[in-house]
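Peer 1: Now for the letters of each chain:
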Amino acid sequence: MHTLFHKVWDAHAVRILPSGQTQLFVGLHLVHEVTSPQAFDMLRQQGWRVAFPERTFATVDHIVPTKVQTRPFLDVMAEEMMVALERNCREYGISLWSLGEGREHQGIVHVIGPELGLTQPGMTIACGDSHTSTHGALGAIAFGIGTSQVRDVLASQCLALDPLKVRRIDVNGTLAPGVFAKDVILTIIRRLGVQGGVGFAYEYGGTTLDSMTIDERMTICNMSIEGGARVGYVNPDETTFRFLRGRTFAPSGAAFDRAAAWWRQIASDADARYDDRVTIDSSSIEPTVTWGINPGQSVGIGERIAASADEEALTFMGFERGAKVEGTRIDVAFIGSCTNGRLSDLEEAAKIVRGRRVASHVKALVVPGSQAVRTAAEAKGLHEIFSKAGFEWRGAGCSMCLAMNPDKLEGRQVCASSSNRNFKGRQGSPTGRTLLMSPAMVAAAAVSGEVVDVRHMLQEVPV
Amino acid sequence: MKSSTTAILSVSGRGLPLRGNDLDTDRIMPARFLRAVTFESLEKHLFEDDRAANPAHPFNDARYAGARVLVVNKNFGCGSSREHAPQGLARYGIRAIVGESYSEIFFGNSAVLGVPCFTADTAAIDALQARIERAPVTPITADVATGVVTAGDLRIQASLPAAVRDAFLSGQWNPTTMLLDRFDEVRRVADRLPYVSGF
Numbered sequence: 001m002h003t004l005f006h007k008v009w010d011a012h013a014v015r016i017l018p019s020g021q022t023q024l025f026v027g028l029h030l031v032h033e034v035t036s037p038q039a040f041d042m043l044r045q046q047g048w049r050v051a052f053p054e055r056t057f058a059t060v061d062h063i064v065p066t067k068v069q070t071r072p073f074l075d076v077m078a079e080e081m082m083v084a085l086e087r088n089c090r091e092y093g094i095s096l097w098s099l100g101e102g103r104e105h106q107g108i109v110h111v112i113g114p115e116l117g118l119t120q121p122g123m124t125i126a127c128g129d130s131h132t133s134t135h136g137a138l139g140a141i142a143f144g145i146g147t148s149q150v151r152d153v154l155a156s157q158c159l160a161l162d163p164l165k166v167r168r169i170d171v172n173g174t175l176a177p178g179v180f181a182k183d184v185i186l187t188i189i190r191r192l193g194v195q196g197g198v199g200f201a202y203e204y205g206g207t208t209l210d211s212m213t214i215d216e217r218m219t220i221c222n223m224s225i226e227g228g229a230r231v232g233y234v235n236p237d238e239t240t241f242r243f244l245r246g247r248t249f250a251p252s253g254a255a256f257d258r259a260a261a262w263w264r265q266i267a268s269d270a271d272a273r274y275d276d277r278v279t280i281d282s283s284s285i286e287p288t289v290t291w292g293i294n295p296g297q298s299v300g301i302g303e304r305i306a307a308s309a310d311e312e313a314l315t316f317m318g319f320e321r322g323a324k325v326e327g328t329r330i331d332v333a334f335i336g337s338c339t340n341g342r343l344s345d346l347e348e349a350a351k352i353v354r355g356r357r358v359a360s361h362v363k364a365l366v367v368p369g370s371q372a373v374r375t376a377a378e379a380k381g382l383h384e385i386f387s388k389a390g391f392e393w394r395g396a397g398c399s400m401c402l403a404m405n406p407d408k409l410e411g412r413q414v415c416a417s418s419s420n421r422n423f424k425g426r427q428g429s430p431t432g433r434t435l436l437m438s439p440a441m442v443a444a445a446a447v448s449g450e451v452v453d454v455r456h457m458l459q460e461v462p463v
Numbered sequence: 001m002k003s004s005t006t007a008i009l010s011v012s013g014r015g016l017p018l019r020g021n022d023l024d025t026d027r028i029m030p031a032r033f034l035r036a037v038t039f040e041s042l043e044k045h046l047f048e049d050d051r052a053a054n055p056a057h058p059f060n061d062a063r064y065a066g067a068r069v070l071v072v073n074k075n076f077g078c079g080s081s082r083e084h085a086p087q088g089l090a091r092y093g094i095r096a097i098v099g100e101s102y103s104e105i106f107f108g109n110s111a112v113l114g115v116p117c118f119t120a121d122t123a124a125i126d127a128l129q130a131r132i133e134r135a136p137v138t139p140i141t142a143d144v145a146t147g148v149v150t151a152g153d154l155r156i157q158a159s160l161p162a163a164v165r166d167a168f169l170s171g172q173w174n175p176t177t178m179l180l181d182r183f184d185e186v187r188r189v190a191d192r193l194p195y196v197s198g199f
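Residue numbers (this note's numbering), protein chains in the order written: chain A, 1 to 463; chain B, 1 to 199.
If you're looking for bench data, these hints aren't it; they were derived computationally from the structure.
Any given hint could turn out to be false.
If you want the footprint, here are the derived chain B segments under chain A, 3+ residues with CB under 8 Å [stated by the list, open to error]:
1) 7-15
2) 20-32
3) 43-55
4) 58-69
5) 76-83
6) 115-127
7) 135-142
Don't be surprised by glycine CBs; every beta carbon is placed ideally from N, CA and C.
Isolated chain A (complex conformation) (with noise of 0.2 Å):
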């Protein structure tokens, strides 16, 4: 009658604190250049070690330029904060997936996590990161921390947390053609609110996530934070085991059975209670994007802005109540992001793409969330086919997710993006705008210089 969350908090819970919070094991603790050198540096001052450097991990993705990724990098600060990131995980002996040597691993936290076989069922896992919640796809409970509490998993590979209750948000039915895992959590955050999610945990379920691959589900639990959720997840399945099957850092032989016994036990019991559930019925579901200034305002690509939408975020957009986004016309189209950078986030791109040109007034990046998805995307010729129709193809990293690069909006630039954030300012330009919507989706309007419905693009064309 335990949920996933309850029984590997339990697993992980070392004591109760003074404080009344518990302290919690994290299994496995990722690192990147952004929020990790100020940590590193109080631990320095306090002359604490890190207590298990064999469970951490660091890559960098926030500040690398996607374009030309030789070091020196231009950006000075960008130089900097990588050297920083070199020299604490050199003298605090963690691993590092760097650029130059070692590249084949370096990529956005949450992509490169999954990919490894580093992320895995049952395990607790933090980073100082917001979108951590992304590797619940596979069963883990995944925090995003801050810098301080980064510093504290560095000394002690713990957390001082008060549990969380639980939501159960079955989803059920059949998504249709050119509706995807984006469309349903766009959806999810719309009908709960970038709120409604704060206390919870989000257990995701149904027909629909059964039926999804884990780079679908990584979409899903990743944005469980815009909903207010810091944490999402997956209960582990056959989908979770063949995935991880094979994979580096994933047990092998035996010990792979082993493991898949225990991930087995720790998943959700049927009969779990909850502390509220929701049904989302995802046939109904058309492909979605974002109106205004925070990830919950979003309509069908079939649906008129409200008549009671939020007058601040509609002056910023310059969208009008009762308007439709389609036919919006756009600027920029980004493809990429630890929400959508993965194969096959390219791959469904790349079939709208075929065959088409980039309209000539869009500027059009393709940014692989990892180097490992870039080179199996040009394994596949996807690179070709992006580059053809005038898609820049870039090197990995988080890029115009969050303009801490020189991947940016420009003054009141339109982005149609598959990241996970329209926040004023977010893309780099403070008066820039962004439109979340799905890979496809971005691709489809790239190519028709204006928001689309992906639907009506979904016939090949041939080439």
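We have chain A; now place chain B onto it with these hints.
Peer 2: Structure of chain B alone, referenced to chain A:
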């Protein structure tokens, strides 16, 4: 920064009313200011883009200079987990936040910096913001034990979760030392986990 053994019983000072729901951490501290290896000088960049777009932004308003209590609305600090946002606020001088609600990560990040985030209902927050807007010099006091926030003769009932409240009262709001206290127990839990031992 204060040491983790300092009890925080109450916060007093002038207020800064910042109206609006869902003010995310990208708004509080735009990402370009995260390109640094320290938290130094972040207070200069609080709400930088919002302030540029709106000369009347409360963080531009000299009447609120030196404020120690920030008063906000719903879902404050949502989005990115960047501690740079509460670091900027703390370095600016904010010692307590009173609001309708917060994102979980922002709430926790603030707590470990010794900044309690009190919650109160919409009407109480609106009254508090209105009072400060009318009379910015009004002295505000937020009491950790009772959750009572006073602004001159205005008195509102706010609260902190019990565990957080007790942590401030006992000076245990920064947990690192506690987490390191019984490291043998951490090892024991690790050794019991099948994935740590390689199945």
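Peer 1: A separate judgement is required for each hint: does it hold in the structure or not?
Peer 2: Now the hints, each set against the structure:
1. With a threshold of 8 Å between beta carbons, the proposed coverage of the region 7-15 of chain B by chain A is violated, since 0 of its residues qualify and at least three are required.
2. Only residues whose C-beta sits within less than 8 Å of a C-beta in chain A count toward coverage, and the region 20-32 of chain B has 8 of them, enough to reach three; the restraint holds.
3. Restraint check on the region 43-55 of chain B versus chain A: 4 residues with Cβ-Cβ distances below 8 Å, three needed, restraint holds.
4. Check on the region 58-69 of chain B: 0 of its residues sit with their Cβ under 8 Å from a Cβ of chain A, so the three-residue criterion for coverage is violated.
5. Remark: the region 76-83 of chain B is confirmed as covered by chain A, as 6 of its residues place a Cβ nearer than 8 Å to a Cβ of that chain, reaching the required three.
6. Given a C-beta distance limit of less than 8 Å, the hint that chain A covers the region 115-127 of chain B is violated, as 0 residues qualify and 3 are needed.
7. Closer than 8 Å: that is the beta-carbon criterion, and the region 135-142 of chain B has 0 residues meeting it against chain A, so the requirement of 3 is violated.
The structure shown violates the earlier hints numbered 1, 4, 6 and 7.
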